[in-house]
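A.B. asks: Use the sequences and the hints to build the structure in full.
Chains as they are written, first to last, in the numbering used here: chain A, 1 to 360; chain B, 1001 to 1800.
Each hint should be verified, as a subset may be incorrect.
What the hints assert, rightly or not - Below, in silico cross-link-like pairs of lysine to aspartate or glutamate (DMTMM-like), each with a Cα-Cα straight-line distance of 25 Å or less: (1) B:K1348 <-> A:D167; (2) A:K223 <-> B:E1480; (3) B:K1194 <-> B:D1010; (4) B:K1002 <-> A:E166; (5) B:K1693 <-> A:E131; (6) B:K1024 <-> A:E286; (7) B:K1484 <-> A:E187; (8) B:K1411 <-> A:D306; (9) B:K1484 <-> A:E131; (10) B:K1455 <-> A:D222; (11) B:K1517 <-> B:D1578; (12) B:K1724 <-> B:D1687; (13) B:K1616 <-> A:E104; (14) B:K1395 <-> A:E236; (15) A:K223 <-> B:E1438; (16) B:K1002 <-> A:D266; (17) B:K1194 <-> B:D1329; (18) B:K1348 <-> A:D272; (19) A:K188 <-> B:D1687; (20) B:K1576 <-> A:D139; (21) B:K1348 <-> A:D204; (22) B:K1576 <-> A:E131; (23) B:K1102 <-> A:D139; (24) A:K223 <-> B:D1417; (25) B:K1437 <-> A:D306; (26) B:K1424 <-> B:D1023; (27) B:K1517 <-> A:E166; (28) B:K1024 <-> A:E282; (29) B:K1377 <-> B:D1325; (30) A:K223 <-> B:E1469; (31) B:K1411 <-> A:D204; (32) B:K1102 <-> B:D1060; (33) B:K1411 <-> A:D272; (34) A:K223 <-> B:D1023.
No wet-lab data here; the hints were simulated from the structure.
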Amino acid sequence: MSATFNLQDELLRQIAAATDEAALEAVRVAALGKKGSVSALLATLGKMSPDERKTQGAAINAVKDAVTAALAARKETLKSAALDARLARETLDVTLPVRETAAEAGRIHPLSQVTDELTAIFADMGFAIAEGPDIETDDYNFTRLNFPEGHPAREMHDTFFFNPKEDGSRLLLRTHTSPVQVRTMLEKTPPIRVICPGRTYRCDSDQTHTPMFHQVEGLVIDKGSHLGHLKWILAEFCKAFFEVDHVNMRFRPSFFPFTEPSLEVDIQCRRDKDEIRFGEGEDWLEILGCGMVHPNVLRNCGIDPDIYQGFAWGMGIDRIAMLKYGLPDLRAFFDADVRWLNHYGFRPLDFPTLAGGLST
Amino acid sequence: MKFTLSWLKDHLDTDEPIAKLADKLTMIGLEVEQLDDKAKLLAPFTIARVISAEQHHNADRLRVCMVDTGEGPPVQVVCGAPNARAGMTSVFSGPGTFIPGKNITLGVGSIRGVESRGMLCSAAELQISDDHDGILDLPADAPVGARYADWAGLNDAVIEINLTPNRADCTGVHGIARDLSAADMGKLKDPGIKQIKGEFPCPVAVKIEAPELCPGFALRLVRGVRNGPSPQWLQQRLAAIGLRPINALVDITNFMTFDRGRPLHVFDAARVTGNLTVRRGRGEQFLALDGRTYALDDTMCVIADERGVESLAGIMGGEASGCSDATTDVLIESALWDEIAIARTGRKLGINSDARYRFERGVDPAFMVPGLEMATKLVLEMCGGTPSTIVVAGKAHGDDRVIEFPIDEVKRLSGLDVPFIEIKRVLGHLGFIVAGKEPVVKVAVPSWRADVHGKADIVEEVVRIVGVERVPLTPFARGEAPRKPVLTAIQNRTRRAKRALAARSMMEAVTWSFVAKAQAELFGGGDAALSLANPIAADLSDMRPSLIAGLVTAAQKNADRGFADVALFEVGQVFKGDRPQDQFIAASGVRRALAASTGSGRHWTGAAAVTAFDAKADALAVLIAAGVPPAALQVVPGGPAWLHPGRSGTIQIGPQNVLGHFGELHPRALEALGAEGPLVAFEVLLDRIPDAKAKPTRAKPLLELSPFQPVSRDFAFIVDRAVKAADVVRAAQAVDRKLISAVGVFDLYEGKGIEDGKKSLAIAVTLQPRDKTLTDQEIDAVAVRIVAEVAKKTGGVLRG
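C.D. replies: Printed below as a string of structure tokens:
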């Protein structure tokens, strides 16, 4: 008996002493392998008397079970220790910087972002987006819009011209996006509801003027749209665009050759050092011009002004972008300075929607 | 247009406060640009006497003055003005006063240890002139304690309105008063103008040789005048709006200009030879009243006597026949000029006179003769003399305009219900004559409103006067039209292209549509038809044929500022010709230095300079985002001249539809643009993308999944260096289009172990069985065919 126990003690001691899986495997083979010490003991059972086998068998099997269990336990312990050791070796300096996500590094220019905002607002009101060429004829840019030849209002536009052609005509760079309205009226039959965003040009340059800038105009032609609708649309637009609950607007009579009556629109704001807030304050800030489409313009575009009527408005995209986002200098828009773009630009995933918010 | 409150009150009987008048002006379309209410601003400044002026014990330049302000005990003021002295009369302001010229509010101060309880002021500090040499030095009899502004006559508010070009009638105070009276701000004073009887016939005849430039001309002589300074009230009035008083005759013409919008000219009759002729210029040199000489041509209208040109019609008189204090006989001219010719001449010669301002907008033709009468009256009052009769050449009136006006036109266009009686009242105050009964009335337009032609103009008159604020906000029904996308294909492509490129770490630039001619030429442009006749700068002269020039220049500017690794893009218009169909939307990008698409700048994981493949990846990304099916895109070597010939590619959908290019910039192009590499670029034209076919359903085609595992086999081929990877891939793919689902290039090697002029290209071919698992034999058979096909098409041999 004691030999059996001694063997068990010895094996358990060896198991406990095994420091790696190879050593443990050697112990297992030496004990439980074909020629192992426990296997040898088991082999002796066959030669024993039934009674002896009964007692010895139980004892030997107990040794086998104990050794097997100890082996398993030790194996688990060693495996775990080996893993711990491996893990202890496998370290990273996680403070090392990773590459910036491309979609976080890129920027959308404020002009594109604001154009997308405008599109979201007016598309929701049922407006389509119309576009036209930058190089225009005098006819579309001026004459059809009721600018008489030689009229001072034409000169106020500081037009860029191309050289005259052989037939004496000369093309120009559109001074406003209104020729797109002309093209739209000539191509479509009312009802018309479009906005026309685009690039415009005037040879003027100072802190608030650049020879190239951006405008968005709106045009509605049907059989009943009047100044009251125009005021409502612009009020809705201002609330949506500036993301405020209410705005105070002031409509002042003014003059544009292509509208009659013509109005300029101011919105009330508070101007502090670095910011403008809308819907509060005492100052008035001019943001757009508008009016009922002049009967001559309708006629020039093949629309009978006694049957159809409508209104149009126009504003600077650059300007409303500056107002909304506090961009101080128009000229910086066209400088492509990455510091400016990084600061004032928008992330590509910040897509303006009415559902998700224009700027949130 | 500038005027003062008291001037306005000459024409308008009103008690309304200035602020209310100013507000009303703005709200009826005469936008107040500036309201300079001097009375309010200068109210705290009073006249005071300096009792004593002692040297400051601790400052050489300061004096300690005791000042009698006319109220209470003398006040101690520390003053730095060199002219401060005992006994002088000056202007005082106490603590709490806002000093306009310094933009500060005064407090009780201590100056170098001496208390100062106010200030003695200079003209500059009151903003009444630029004089800041010393404190105001008033006459000894100026009443101590009185308000300085009252005493000096400076308390007249000055109003400046930003006049729209249609309102010629409001270039005179009288017209402004008429508008205000219509808007219930008071009663218009309009006493009428009396005819002044001529005592003798006008000895100077007038002949109009250019009636197209001069519809009418009136002239009269006044003999025996005494010219000299005009009366105080007139001088003050002119000075208040920034005009320099000259002499009575000239001041009268300026007065008429601003009072009535009726510019006149006065000739010294002694310096006019013979009769006057209104004719076109004949290339003369003309010395004008501003002391400059102008070259006249036959588009300009002049008034000439027998010696030559005496006046540039409607714009500026001549030096030779101008009135001086010595003038005894004066010819007064009141004429009508063609607006467009005046504008053109003024522009050509660069003259912005008050006369041009009015004549190019169009003066009241019916006021030509009354204006002359009124001026005569002023001349007689101020200078005496005997008037001649008036000679008139041409017309002295405009055309009558009567508009058939349906009353409900107001409601139709404005949405505002204005009762007929109110419409009639408003129009009446403005000088229109309304005749007839509702619903359609006749409206006669006053001669001074050349801007009113039709029904809409009358609606505007009514609405602006009754108030646009009364127009109710009216919700605009969206209608029942289905909610369809409103963006066109190109608009969608544009916005997707921008987001796709920004999502590749690029920053969106917006650069000028025009570039320097040399830059345009570099990119295939520079056509004379696309050159501006009047560019704002020499380097912004030609419409851009490509966005690359602007982007490269911008990238280099950033590099010069210390930001070398930049990735910029722009999506915008390029011009291949001057017709609408020649304008395209390009999407372009540049990457410079270490701004690779896999990460910008130096990094511990490794950093690489940009290569043509960064630009290729950008180009493909933008095209795919804009809707091109990736499988349709082909890339062939080479590109336009501005790209490196060996490191550039062209992206096309078949040879007929080239979408764009990518690659390293050609070193010569870089040099021409003044930029340094490494710099890669791409440009694709979004208009060239074929429209997607309209589909009847939004459902995607059914996904077919094979139950059999795909098998992948690798092949490494040794091919000539010039062999294109795409050809190897295509050859492999062509072996069995059904079975081979993908071919990828996973290794490229040149160098040691590979013969010179050759390269090793390794591809992974994926076989996707559809109806059974492939046997080894079947796989081997395909492999053999792949090797054979690649060898046949490219000469490649399997690497040993």
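A.B. asks: Does the structure keep B:K1377 and B:D1325 at a Cα separation of 25 Å or less?
C.D. replies: holds (19 Å)
A.B. asks: Does B:K1002 pair with A:D266 here, judged by a C-alpha cut-off of 25 Å?
C.D. replies: Answer holds: B:K1002 to A:D266 is near 23 Å, not above 25 Å.
A.B. asks: Does the structure keep A:K223 and B:E1469 at a Cα separation of 25 Å or less?
C.D. replies: Holds. A:K223 to B:E1469 sits at ~23 Å (cutoff 25 Å).
A.B. asks: Would you check the hint for B:K1484 and A:E187, treating anything up to 25 Å between C-alpha atoms as holding?
C.D. replies: Roughly 20 Å between the alpha carbons, so the hint for B:K1484 and A:E187 holds.
A.B. asks: Can the restraint linking B:K1194 and B:D1010 be considered satisfied, given a maximum Cα separation of 25 Å?
C.D. replies: holds (17 Å)
A.B. asks: Below or equal to 25 Å on CA atoms is what counts here, so check B:K1693 against A:E131.
C.D. replies: Judged against 25 Å, a Cα distance of about 23 Å means the pair holds.
A.B. asks: Has the given pair, B:K1517 with A:E166, been kept, meaning a C-alpha gap of at most 25 Å?
C.D. replies: This hinted pair holds, its Cα atoms lying about 22 Å apart.
A.B. asks: Are B:K1576 and A:E131 close enough, with their CA atoms no more than 25 Å apart?
C.D. replies: Between B:K1576 and A:E131 the Cα gap is close to 18 Å, so the pair holds against 25 Å.
A.B. asks: Starting from B:K1348, check that the Cα of A:D204 is at most 25 Å away, please.
C.D. replies: Holds, at about 18 Å.
A.B. asks: When you check the alpha-carbon spacing of B:K1455 and A:D222, does it fall within 25 Å?
C.D. replies: holds (18 Å)
A.B. asks: Is B:K1517 close enough to B:D1578, meaning Cα to Cα at most 25 Å?
C.D. replies: holds (16 Å)
A.B. asks: For the pair supplied as a hint, B:K1724 and B:D1687, is the alpha-carbon distance within the 25 Å limit?
C.D. replies: Violated, because 29 Å separates the two Cα atoms, which is more than 25 Å.
Violation of the numbered hints given earlier is confined to hints 4, 12, 14, 18, 23, 31, 33, 34; the remaining hints are satisfied by the structure.
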